[in-house]
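*Asks:* Quick mapping for you: the protein sequence lines, in order, are chains R and D. Mapping the first sequence onto our numbering, position 145 (from 1) lands on 145, and the numbers just tick up by one. Mapping the second sequence onto our numbering, position 35 (from 1) lands on 35, and the numbers just tick up by one.
By construction, these hints were calculated from the structure, which means they are not laboratory data. Among these hints, one or two may not hold up.
To be verified - Label pairs and their computed distance ranges (CB to CB):
| hint | chain 1 | residue 1 | chain 2 | residue 2 | range |
| --- | --- | --- | --- | --- | --- |
| 1 | R | 71 | D | 105 | 38 to 44 Å |
| 2 | R | 69 | D | 47 | 44 to 50 Å |
| 3 | D | 67 | R | 16 | 15 to 21 Å |
| 4 | D | 101 | R | 83 | 55 to 61 Å |
| 5 | D | 167 | R | 194 | 35 to 41 Å |
| 6 | R | 71 | D | 110 | 53 to 59 Å |
| 7 | D | 64 | R | 58 | 47 to 53 Å |
| 8 | D | 73 | R | 125 | 54 to 60 Å |
| 9 | D | 172 | R | 158 | 33 to 39 Å |
| 10 | R | 95 | D | 23 | 40 to 46 Å |
| 11 | R | 179 | D | 87 | 20 to 26 Å |
| 12 | D | 87 | R | 46 | 47 to 53 Å |
| 13 | R | 16 | D | 105 | 37 to 43 Å |
| 14 | D | 195 | R | 161 | 48 to 54 Å |
Beta carbons: idealized from backbone N, C-alpha and C, even for Gly.
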Amino acid sequence: MSDLSRRKLITTGLAATAGALGLGVSARIAQRYGLIPPDHGGIYGLGETLTYASQRLLTRHSLAREFRSSQISKPPFANEIPPLNEAFKRLQAGGFADWRLSVNGLVARPASFSLDQLKSYPSHSQITQLQCEEGWSYIAEWNGVPLSHVLEIVGVHPQARYVVYFSIDPEWWESIDMADGLHPQTFLAYGMNGSELPVGNGGPLRVRLPRQLGYKSVKYITQLTVTDSLKGFGKGLGSASPEGGYAWYAGI
Amino acid sequence: MISHPRFYWGETGNVLTQPLFKLPIPASRALVPTGYGYVLPDQNGWSRYLHFQAAWAVVLTGLLYLISGLFTGHFWRNLLPRRADLSWRPFSIAIANHLRFKRPSEAEAWSYNVLQRLTYLFVIFVLFPLAIWTGLAMSPAFVSAVPATVTVLGGQQSARTIHFFVSLFLLLFLLVHVVMVCTAGFRSRMRAMILGRAGTRMERT
């Protein structure tokens, strides 16, 4: 083993120490700038953190691709929907007149919005792709109010870091960081292709987050909570997805 | 792939649109019409985590390999076909030897023949870059920053289809590679790969 000289041993040792120190320092910096996802633990945590951190640095303000109206998929594909519960059916029977979106957490003015209220704000539209982790996709025009508009109305505290959103289906909740929360294409969508948002596609109200996979665009939204930490929600992994084995950040 | 064993060309594709082709396997999701009466168990969660972690390993070690290969001249010296290789004769000899499962001679064990050189170049400079490119083209966040990644391929579903075939070729390469290593002498080839020494010379081990 004469190949393994003292010089080699010393340089390797120094490189390893520098590497370990570098990792430690970059972890600190990453934490400071919000580049660590809530599901950073476990054996896949390193890959998730690299993906989230690099995409957050690269895509903070970039806009999802928009398409021409001739590219809209006809008919729009409504994915499998979970069996809708009694609470949903009751609201559906009433034509969703009593549907409420409550907004709370780190906000100055917690509020509860009816669909009509949400529709009274300037309506925006986007023709974007909904891409499912399974492999299929479709393009539709989405009409709604940007989430940032609603957050502005309730007055988000400066220490806010995440928006957690809940479906009427208690099993389905997600969260996004403020870069996505305030992104101009993040919608509370109530319309699709010029009409009411069909129940199969998430009506009467769903999140649209075109820079992430479909499972982050939660259907049947009833509550938003603004927070500075995801620790108190579920198992603290950020959303229902990592609890079910899926990545929290789905920009892939 | 198992959750949606249908492949498309262009921007979009789902069970309501015409596929380019379908894989004759059952799916792990109930909504995909496969003709089989059952649904496979869903393993997408952990396999996606593993996939993207592995993608980082490929990208980072690949970069290291590329940089070191450029600096040491590995690509020109060992992988670029030699002038003498550029005729039919070395090709036909290499192919004939492969078909006879002939073990390499001592001289050959020290360098790559023309088939190996071309295959390795193809894997390193075509398949792996294409796998990474088409992978990024499927990321809605990445293409929001660099839209050309997907538009030059003709759409996200085209990227997925190309990604599938590239993975298939990489898998084929891996299988053939392992079989060749075994027929050429597993121990000596492994020693050559790990320690950089051909097994025919038994020195200081």
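*Asks:* Take the C-beta atom of residue 195 of chain D and the C-beta atom of residue 161 of chain R, compute their distance, and say whether it sits inside 48 to 54 Å.
*Replies:* About 50 Å separates the Cβ atoms of residue 195 of chain D and residue 161 of chain R, which means 48 to 54 Å holds.
*Asks:* Taking the beta carbons of residue 87 of chain D and residue 46 of chain R, is their distance inside 47 to 53 Å?
*Replies:* Roughly 48 Å apart at Cβ, these two residues keep to the hinted range, so it holds.
*Asks:* A range of 54 to 60 Å was offered for this pair. Does it hold for the Cβ distance of residue 73 of chain D and residue 125 of chain R?
*Replies:* holds, 56 Å
*Asks:* Between residue 172 of chain D and residue 158 of chain R, is the Cβ distance one that fits in 33 to 39 Å?
*Replies:* Taking Cβ atoms as reference, residue 172 of chain D and residue 158 of chain R lie about 55 Å apart, which means the hint is violated.
*Asks:* 40 to 46 Å was suggested as the range; check whether the CB atoms of residue 95 of chain R and residue 23 of chain D agree with it.
*Replies:* With Cβ atoms ~43 Å apart, the hint holds.
*Asks:* Return holds or violated for the Cβ distance of residue 64 of chain D and residue 58 of chain R against the range 47 to 53 Å.
*Replies:* violated, 21 Å
*Asks:* May I ask you to test the hint 55 to 61 Å on the CB atoms belonging to residue 101 of chain D and residue 83 of chain R?
*Replies:* holds, 59 Å
*Asks:* Taking the Cβ atom of residue 179 of chain R and the Cβ atom of residue 87 of chain D, is their distance within the range 20 to 26 Å?
*Replies:* violated, 58 Å
*Asks:* Can the suggested window of 15 to 21 Å be confirmed for the beta-carbon pair residue 67 of chain D and residue 16 of chain R?
*Replies:* Once the Cβ atoms are compared, 19 Å apart, the range 15 to 21 Å for residue 16 of chain R and residue 67 of chain D holds.
*Asks:* Kindly confirm whether 38 to 44 Å is satisfied by the beta carbon distance between residue 71 of chain R and residue 105 of chain D.
*Replies:* Check failed, 59 Å falls outside 38 to 44 Å.
*Asks:* Tell me if the beta carbons of residue 69 of chain R and residue 47 of chain D are separated by a distance inside 44 to 50 Å.
*Replies:* Roughly 36 Å apart at Cβ, these two residues miss the hinted range, so it is violated.
*Asks:* Hint says 37 to 43 Å; check whether the CB-CB distance for residue 16 of chain R and residue 105 of chain D agrees.
*Replies:* holds, 41 Å
In summary, the structure is inconsistent with hints 1, 2, 7, 9, 11 from the numbered list given earlier, while agreeing with the others.
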